[in-house]
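2 protein chains.
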Amino acid sequence: MIRFYNAKILTMEEPLTVRDGELWTDGDTISYIGETHAELPQFEREINADGNLLMPSFKNAHTHSAMTFLRSFAEDVPLQTWLFEKVFPYEDRLTAEDVYAFDRLAILEYLAAGTTAFFDMYFYPDSTVQAAIESGMRAVLCGSINGSAKDVERLNAQFQKFRHIHPRIGYRLGFHAEYTSDESLHRELARLAQAEKEPVFTHISETKAEHDGCIERHGASPAQYLESLGLWEYGGGGFHCVWFDQADRAVFQRRGLWFITCPCSNAKLASGIAPLKECLAEGLLLAVGTDGPASNNALDPFKEMYLGAVLQKLRNMDAAAIPAASVLRAATVGSARAMGLTDCDVLAQGKQADLIMIDLHAANMQPAHHIPESLVLSGDRSNVKLTMCAGKILYENGEYFIGVSPEEILKDTAQRIARLTQ
Amino acid sequence: MIRFYNAKILTMEEPLTVRDGELWTDGDTISYIGETHAELPQFEREINADGNLLMPSFKNAHTHSAMTFLRSFAEDVPLQTWLFEKVFPYEDRLTAEDVYAFDRLAILEYLAAGTTAFFDMYFYPDSTVQAAIESGMRAVLCGSINGSAKDVERLNAQFQKFRHIHPRIGYRLGFHAEYTSDESLHRELARLAQAEKEPVFTHISETKAEHDGCIERHGASPAQYLESLGLWEYGGGGFHCVWFDQADRAVFQRRGLWFITCPCSNAKLASGIAPLKECLAEGLLLAVGTDGPASNNALDPFKEMYLGAVLQKLRNMDAAAIPAASVLRAATVGSARAMGLTDCDVLAQGKQADLIMIDLHAANMQPAHHIPESLVLSGDRSNVKLTMCAGKILYENGEYFIGVSPEEILKDTAQRIARLTQ
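Line order of the protein sequences matches chains A and B. According to the working numbering, the first sequence is numbered sequentially starting from 1. According to the working numbering, the second sequence is numbered sequentially starting from 1.
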């Protein structure tokens with residue numbers, strides 16, 4: 001049992017309020033939130049939060065973590081050059097061991113930024129599972145098949161293998177994108193999703209070219225086309241959703257799908273600004289992801305929240321566009337639920353102890369007129385003092401507790417990167 | 001004398017290269033950059049940089065530092081409501097002691113983010129001078145008069161008082177903006193600038209309404225109108241420049257004026273995206289500022305560089321738009337020169353020792369394929385390990401050496417904020 005006392009607590013339950021109090025954990029679970037008891041049980045550790053903030057950890061609802069190896073490898077080049085000359089040829093050389101190593105590098109960055117779970121779409125899922133389990137983090141794998149109907153068999157094999165493999169590992173059906181697969185795949189996947197009563201996730205309407213291409217190919221936008229095939233009878237969601245119009249959003253609203261926005265990646269790759277204001281006004285379910293670290297370039301929920309908020313002001317030319325708290329909600333509660341982590345969404349008794357402590361004494365968090373707004377508009381990952389996943393402290397004041405030292409991870413990845421990019 | 005060894009050094013001299021070596025300081029000056037000598041003099045301190053990066057510190061070329069007290073006070077409201085209901089009435093209550101206190105709060109944030117100099121436009125300049133001198137930072141004050149010709153006298157009195165007051169303090173002629181002053185002020189200020197052979201700075205074309213308003217009032221855009229009055233015979237520059245068209249940029253090019261961009265503030269207040277791509281293509285002089293912390297909301301050069309770079313990709317719908325290194329140059333060398341700090345611009349023997357050390361071992365800076373690009377696209381202020389101004393270490397590994405503790409500053413500002421915003 002761990003006790004945090006002298007804390008400010010933002011549970012992220014509605015309506016958002018910050019209250020003074022304490023929080024206890026028992027094993028992987030939050031066992032108490034409230035005022036100080038007169039009589040206290042025996043704790044393994046008691047942490048004086050010193051007036052700092054406890055809140056749910058961030059969850060990264062879209063990423064390709066192992067792309068850490070290509071970060072800053074080729075910048076400021078056109079998207080097609082980047083993908084075909086600087087990404088694909090190097091990804092072809094990756095081994096399972098490389099992916100494990102580069103996932104561990106990403107995990108260092110996730111934990112220092114207060115992220116405890118990531119929704120990962122990449123090669124070699126066994127490697128990602130191993131890296132996540134060993135570190136103490138959560139990972140939800142997302143199917144990433146492309147091609148045609150025959151590939152759905154491989155997806156199903158992965159799904160059956162990973163769905164119950166570990167309490168901190170999840171699996172969601174998914175495919176890369178409409179434009180990298182054919183109709184036979186979409187139909188076969190819809191059948192599988194219906195048989196298993198499972199949600200389905202995919203990249204969708206990230207670029208205008210891809211969105212318009214689907215209309216040419218199928219006579220409908222990706223969202224409308226995929227809905228018509230019965231892909232989303234049991235929910236799911238889409239990554240990016242930049243070029244969504246009203247009819248696309250209506251599909252997402254009707255089916256209860258997750259609109260998973262990646263504002264930094266969409267800016268860096270010049271994909272566009274997603275319609276978050278409309279999305280919130282229409283009551284859609286909003287979550288936030290970083291996308292891979294080669295197209296972002298950080299794995300940092302604070303950067304996503306900041307861009308998520310301020311780009312709406314530019315898109316709408318309205319300083320009042322979207323409340324800052326709405327992106328905070330999306331990056332914590334929303335992303336957790338999108339990934340199926342409904343027991344890690346808010347801080348409450350009985351929920352998983354996936355939480356962070358934020359330094360409210362740092363100059364950039366002062367004055368604390370409105371803490372949720374400060375987290376989005378002036379907060380950054382240097383304010384993360386402690387990151388806990390499933391009741392275990394994995395990061396505290398710059399130190400990691402993940403069973404391996406950062407130095408060892410850096411040494412290992414440096415050798416692999418030299419080999420891969422030579 | 002201080003010695004940094006085992007360092008990677010990015011002097012920011014052209015062409016940009018990162019080389020291994022060491023750097024020595026002697027008093028406030030850089031006395032040596034190069035390889036390790038066989039024989040070393042006696043040093044006061046020897047710092048093993050452990051492969052981390054030494055580079056010029058950031059300079060903040062536009063700010064209203066003391067607005068820290070209003071940070072997160074009113075968010076997501078229309079600009080006019082914010083200014084007239086949430087800023088002006090509270091600023092009216094400020095005393096000189098308040099400004100000193102809130103400047104000290106800003107200085108904590110500046111130093112932790114690697115900023116050693118700020119170009120400040122606000123009330124009670126004596127307070128800002130005192131806060132800067134005591135902390136060890138540099139400040140360049142910018143005149144902020146509005147009104148009519150008679151106010152120029154007050155500006156000149158300030159100019160004469162502060163121009164040579166201290167080696168780390170500067171003063172530049174300036175006025176708030178075209179739309180808050182009349183033609184008699186602009187003409188009188190032009191006369192003063194010509195008599196003193198001094199540059200002049202002002203807010204310019206920040207919002208479309210203000211830009212268009214000037215065309216209505218004077219039949220020309222702010223840049224063209226002010227040039228026609230002879231305001232910029234000896235240079236100067238403009239803050240924001242969001243709505244600059246080709247003719248406005250031509251004025252800046254012709255006069256050698258500084259285009260001082262504030263991308264975060266312009267996004268948060270929905271002012272727009274400044275034409276940095278055109279600005280660079282046309283060879284204009286580019287510098288970077290944060291604007292005040294109530295309209296940003298951070299005093300963080302990393303956020304400015306990131307937005308500065310990626311917003312150009314969105315504005316131009318081109319992932320190749322503007323090299324990341326160009327905003328790094330603007331936020332260091334450019335901003336220093338815009339403020340007249342030509343001896344603090346790059347790292348070189350004989351220059352002032354205004355520098356920072358960046359942690360290259362942090363996960364978000366790995367792999368180090370291209371360090372200038374990483375600083376802009378994945379770097380953040382948590383990577384700043386050490387900040388030195390005029391040869392003195394003012395910040396190192398989270399600790400401040402500014403003659404006052406952060407706790408004392410926070411306690412003081414909390415009391416003042418409670419009084420001001422009650």
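Mixed in with the good hints there might be a few duds.
One copy or two, either will do: identical chains are not told apart, so a pair holds if it fits within one copy or between any two.
Stated by the list, open to error - Lysine to any residue pairs mimicking SDA-like chemistry, simulated, CA-CA at most 25 Å apart:
1. Lys86 / Val18
2. Lys392 / Arg217
3. Lys161 / Arg419
4. Lys208 / Arg337
5. Lys392 / Gly272
6. Lys161 / Ser228
7. Lys197 / Gln158
Read the hints as simulated data drawn from the structure, not as lab findings.
Unmet hints by their number, sorted upward, for this structure:
Violated hints: 2, 3, 4, 5, 6; rest satisfied.
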